[in-house]
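Enquirer: Each chain, letter by letter, is given below.
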Amino acid sequence: MKQLQYRLSASILLIGMACGSAWAAGYPSEQDYLQEFPIVLSASRLSQPISETPNAMTVIDRGMIVASGARNIADLFKLVPSMYVGYADGHTPIVSYRGITDEYARRMQVLVDGRSIYLPIFGRVDWAELPLDIGDIERIEVVRGPSAASHGSNSVQGVINILTHQAAGVPKAQVSVSRGDAGISDVSARFGGAGEKWDYRVTLASRGDSGFDPLPNAAFIPLNDNSRTQLINTRINYRPTGNDSLDIQLGYSDSSRMLGDQVPGFHAPVRDQKVNADFEQITWLRTLDVASDFQLNYYHIGRNTRDERYSVPAYGAKAPGSYLFSDNAVIHRHDLEMQHTLRTSPDNRVVWGVGARQDSATAPNALRYSPTWREYRLFGHDEWRITPASLVNIGAMAEKNALGQTRVSPRISYNHHLTPRDTLRASVSVAYRNPEMIEELGNQSVSLAAPWKWHNISATGGLKPEKAVSREIGYIGQLDDAGSTLDVRIFHDQISDIIWIDPVYDPAIYPTSVVTPKSFKSDFNAYHSGLEGTLNYKLGMHSRLTVNYSHQTAGATPSRASSYAYAGYPAALNAALNASLNAALTGYAYKYRETVPLNSASLLFSHDFSGGTQLGVGLYHIDPVRSLDAGTLQPLTRYLDLRLAQRFGSKRSKEKGSGNGEIALVVQNALSDHYFDYSSQTRNERRAYLTARLEF
Amino acid sequence: MFRQLAILLTASAIALLTNSVQAEALNVRLVMSGSAPPYQQFSAALDKALVENNADVTVIESQADAASRSNGGAKIDLVIAVGMKATEFAITDFDAPLLSTMIPRTSYEMLREKHSSLRSSNAVSAIYLDQPWDRQLNFIQAALPRHSVVGVLYSPNTPIVLPRLPQGMSLNAKSVSSAKTLFATLENILNSSDVLLVIPDSEIYSSSNVRNILLASYRQRVPLIGVSQAYVNAGALCAIFSTPEQLAEQVAKAIISFSSDRQLPNPQYPESFSIGINNQVARSLGIEMASPDAIRQRMEKAGEGGQ
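The listed protein sequences correspond, in order, to chains A and B. Just so we're aligned: 319 in this note's numbering is position 319 of the first sequence, and the numbers increase by one with no gaps anywhere. Just so we're aligned: 1180 in this note's numbering is position 180 of the second sequence, and the numbers increase by one with no gaps anywhere.
Derived from the structure by calculation, the hints contain no laboratory data. Because the structure is a prediction, the values reported are computed rather than measured. Where hints are given, some of them may not hold.
Straight-line distance between alpha carbons at most 30 Å, and here's what the computed DSBU-like set of lysine-lysine pairs gives [to be verified]: (1) A:Lys400 with A:Lys464; (2) A:Lys591 with A:Lys464; (3) A:Lys591 with A:Lys518; (4) B:Lys1301 with A:Lys197; (5) B:Lys1180 with A:Lys172; (6) B:Lys1048 with B:Lys1180.
Please put together the full structure from these sequences, using the hints given.
Expert: Shown next, in the form of structure tokens:
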């Protein structure tokens, strides 16, 4: 590979003049000018620019992923304004947007190449076992705000849309090895090829660490949170004709993670939980003409969790022995969707489609029975450019959920370009979150010494979807020719019928359970307001700065007062239960306010030095914040991550990407020796790790 | 030369014998490289232009592989070779003055060089298919004033002549040593360029590669500048190119001029050109594009006139 840089003074040069004995060799013919091509950037492949999207959007591109030094996908979301990332333990990251944070952050849709990984039974994303390596991610688009019209159900607070490299996107074979503190030991290999009709890429990876440590000399129970995940992931693109593209993705992961306490808890002795996850996806894209295409997408996700253990004797005579506790679960998701994109005129684009999903779960110790849930959806979205300066996005999704409830989620936004570089956006949208299996059908009960039971969950059912109405006004500005942007918005969201964990005092269950059984009820209405901003600044060709800031407030009010009147209980007991539940409702409402940090900010700076040296600096700030199910308030948290990388190789050229390899040092939390986030047990110590990557 | 003279003399003799007062119609042999739509468009447009100009020209069309020098005894005054295959065929198989068209300049010059022994320079000329560098760069500056680093991919065997660059513009040219390294080189060039300019090369821009090149450049938000409307339809941001019709008009003018003075024009670039813009791609990339007419005006202002 030769590289030539010509400046103004460059005079006429001839390079590589062939001797010209055979005219076919290298000489262009008119065919090279007149050949026909299939339409590549068809109507559905062209995305809207950020100044024209109906929602605020954050894009985390490959450069930012690398500069952040993150080795867990979840850590990348620290670069999204108002997004919370914490760790319940070393292998359980918690990602939530705009508060209501708990270990099962349920209110955000998460897609990988259009595949929803927001899974039953609990409605959560298991980031640790995902059969996806961070190195395969090309770009992440985070829609901040409800987006059911474009992204389907459960897009209540936002949508994380992870896009992986195309099948042709791994031109070089790569091997990467990381070693570092906290037992970090990762290895990955990827390779691929591109051809006339077929492209493919394959990734094999293994990642693992020993999790977090408690504070030395503290009376905390040590965390047992070692984990290791091994995965294979492949993407194949086949083009039988110029207008048809078949994208096939397959993945499998096998993970093992340690759970439980060394000083054994009743039902949580130290053990390994094993999870196998797999997915198969096939997407057929047919380009009908320059203005329309048709897409059919099917995928299946399977997940098998094996977690059985015997309890440690506790509760005196109620549970004198060891009892089998099982969190075994098998789930399957099948999803089929048809989508048609068409440009009806140069100023109007329509996307519409239908889809169906089937979720089935077998989890004898979590659910009342093994349900098969089916839901159906119809969606449509129209982008209409009324004048060159004004654009309206109107869309809606109608869905019938598994509980037979039908909801319509509309969205409308108006984007006005004050100048070609300054845009104002106003939007109103509605989205619903369907109840999860555990919320509607949960039943977690283990028999102990008769008549005692460990009856942890007993869902009463009859839930309805949570509803979110979001309003926002935003400004998107292009600051210079280099592509620097500023994106600021104020928002006000109202969420009604929030489902929370409600204690069950039913005389048929409560008196014989060693724990207070829990149910789920739609008992709260809440609001979220705030201001968010992102500055993306390009300082010349070699430096980039991203600054995110968010100021938020939230509040919730119970929509009912407790009114227990159990027939089997004396009036005084019913009154006491009512007082206790009312206190719980008030307490939840109080805690809710604290689930958003008043101010949070992140900064990512990257610079390419000449000579192939690259620096990445990430600085994060979060005001005190509470997670609903964590005991303590997370104190003000600030930390700094650093990444320094050096490319090397035989190539003389020094510009980006031409090296044959790279060594990178990442230091997380470089300025202090520890901080706490979600849990006061998970001590984020200073961690350093070294990554070596070879390309060939 | 003698043969030509002989033909000319014979023709004069016949003219005298028939005592015709009118000059005889110019016999033009149109040799096509193929029968694909662009050749047909050229042929139709040439006929139309000649008719519109009341040119006294007889055109007989044939394919490069089927053409025979003999034309039922009629002499051939001028051969128009359309495309590379027809040009090479006409250089070797015809003696009449030859005007080649729909051919890239480098390829025309290579053929001239290769067959220099067969033809004297004044008996051959060409109207190229490709755009001159100055025009292309002028176009990029007029269409995308904020995109100053122009990336170019070429294969080592392809002769490319790099131009003198206008102020504020730089060229980032990289050679692709093999098909295997294409996408690595592409990634590299996309990382360090504002636009990617297509230099036609069947080893790089084959129909299957174009797909992945377009997808990669779109993902990197680096617009592609193509060389035809087909590129624009496929997903290139824009292109400057001359259509078969535009070439045919220029060839028609040359034929008419030849009929009066028997002189071929000097080898030249196309006078007329078209500008194609994919507004959907521009919008998606957040690029403000002027209209083709406005771009043309800017180009004229900057120095090179468009027709």
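Enquirer: Does each hint hold? Answer for all of them.
Expert: Quick rundown of the hints versus the structure:
| no. | hint | in the structure |
| --- | --- | --- |
| 1 | A:Lys400 with A:Lys464 | holds (12 Å) |
| 2 | A:Lys591 with A:Lys464 | holds (23 Å) |
| 3 | A:Lys591 with A:Lys518 | holds (18 Å) |
| 4 | B:Lys1301 with A:Lys197 | violated (45 Å) |
| 5 | B:Lys1180 with A:Lys172 | holds (9 Å) |
| 6 | B:Lys1048 with B:Lys1180 | violated (47 Å) |
When the structure is compared with the earlier hints, violations turn up for hints 4, 6 and for no others.
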